[in-house]
Amino acid sequence: MSEPPEDEPATNTTQCTICDKPEPKYKCPHCEIRYCSIPCFKTHISTAHDSPDPNTTNATTDPSPAKNAVTTNTPSVALTAHPSPQPRPISPTTTLLTDPRLIQLLTRYPTLKPTLRTIYQTTVHPERLLDEHSDDSDVDEDALKRTWGGADYKRWTQERADEKALNELAEISKEDEGVAEFFELARIIFAQGDEMVKEEAD
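Its first residue numbered -9, the sequence shown is counted upward by one per residue in the numbering used here.
The set of hints was computed from the structure by calculation and includes no laboratory data. Hints should not be assumed to be uniformly reliable.
[To be verified] List of simulated lysine to aspartate or glutamate pairs, EDC-like, C-alpha gap at most 16 Å: (1) LYS164 - GLU149; (2) LYS32 - ASP89; (3) LYS15 - GLU117; (4) LYS103 - GLU167; (5) LYS103 - ASP166; (6) LYS103 - ASP89; (7) LYS17 - ASP89; (8) LYS103 - GLU158; (9) LYS32 - GLU174; (10) LYS164 - ASP152.
[As the list claims (entries may be wrong)] Between beta-carbon pairs, the in silico distance windows are: (11) ALA160 - ASP89: 18 to 28 Å; (12) HIS115 - THR83: 13 to 23 Å; (13) GLN5 - LYS154: 38 to 48 Å; (14) THR83 - SER163: 42 to 52 Å; (15) LEU156 - PRO29: 14 to 24 Å; (16) GLU165 - ARG107: 10 to 20 Å; (17) LEU87 - ALA160: 11 to 21 Å; (18) HIS20 - ARG118: 30 to 40 Å; (19) THR4 - ARG145: 50 to 60 Å; (20) THR101 - HIS20: 27 to 37 Å; (21) HIS115 - LEU87: 15 to 25 Å; (22) ASN157 - ALA181: 16 to 26 Å.
Quick caveat, the model's predicted, so the values are computed rather than measured. Ideal placement from N, C-alpha and C gives every residue a C-beta, glycine not left out.
Start from the sequences, fold in the hints, and give me the full structure.
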């Protein structure tokens, strides 16, 4: 995404740039404008950071001779300039965990981190979870057994566990503002990841 021009007028930090509400709590990591909520950030990011990076455009259209095939004087030997390997794309999960907006949410809502930890435990096989946290009072063995149908955990599958975690997250977000904002942030980041995959496929 391209950086805003240097001559852009200074943003009023006492109110949300999008909806003008007072005392915005968040700051855009790209251009540092202030906004008050995830919906306002979505509006900003879709209008202010949609233009392609001119450096990227020039790099892809530059007809530099170094990028063309090079042939030696010997007809039987040809040397081709190989492009540098593309870096592996960052996964949406990594993007989410390192996003400054998540840090802001965890600071603003102190109960968000333990809530997310509890939901995450749903996605881990109960036996492995108990082995890894044998001395952790936060892991309730009896509760795990009740959740998955007894000590043998035969009802557990990764697909069912992931679905259960998402359902719990959606249900809690109805009453917990912090979880609701996290849920929306995660949805935005994973949607952007899907778009990048589609663009690479095209």
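Outcome of the hint check:
no.: 1; hint: LYS164 - GLU149; in the structure: 23 Å, violated
no.: 2; hint: LYS32 - ASP89; in the structure: 15 Å, holds
no.: 3; hint: LYS15 - GLU117; in the structure: 41 Å, violated
no.: 4; hint: LYS103 - GLU167; in the structure: 13 Å, holds
no.: 5; hint: LYS103 - ASP166; in the structure: 12 Å, holds
no.: 6; hint: LYS103 - ASP89; in the structure: 15 Å, holds
no.: 7; hint: LYS17 - ASP89; in the structure: 12 Å, holds
no.: 8; hint: LYS103 - GLU158; in the structure: 15 Å, holds
no.: 9; hint: LYS32 - GLU174; in the structure: 10 Å, holds
no.: 10; hint: LYS164 - ASP152; in the structure: 19 Å, violated
no.: 11; hint: ALA160 - ASP89: 18 to 28 Å; in the structure: 20 Å, holds
no.: 12; hint: HIS115 - THR83: 13 to 23 Å; in the structure: 19 Å, holds
no.: 13; hint: GLN5 - LYS154: 38 to 48 Å; in the structure: 41 Å, holds
no.: 14; hint: THR83 - SER163: 42 to 52 Å; in the structure: 18 Å, violated
no.: 15; hint: LEU156 - PRO29: 14 to 24 Å; in the structure: 21 Å, holds
no.: 16; hint: GLU165 - ARG107: 10 to 20 Å; in the structure: 18 Å, holds
no.: 17; hint: LEU87 - ALA160: 11 to 21 Å; in the structure: 20 Å, holds
no.: 18; hint: HIS20 - ARG118: 30 to 40 Å; in the structure: 39 Å, holds
no.: 19; hint: THR4 - ARG145: 50 to 60 Å; in the structure: 54 Å, holds
no.: 20; hint: THR101 - HIS20: 27 to 37 Å; in the structure: 29 Å, holds
no.: 21; hint: HIS115 - LEU87: 15 to 25 Å; in the structure: 22 Å, holds
no.: 22; hint: ASN157 - ALA181: 16 to 26 Å; in the structure: 19 Å, holds
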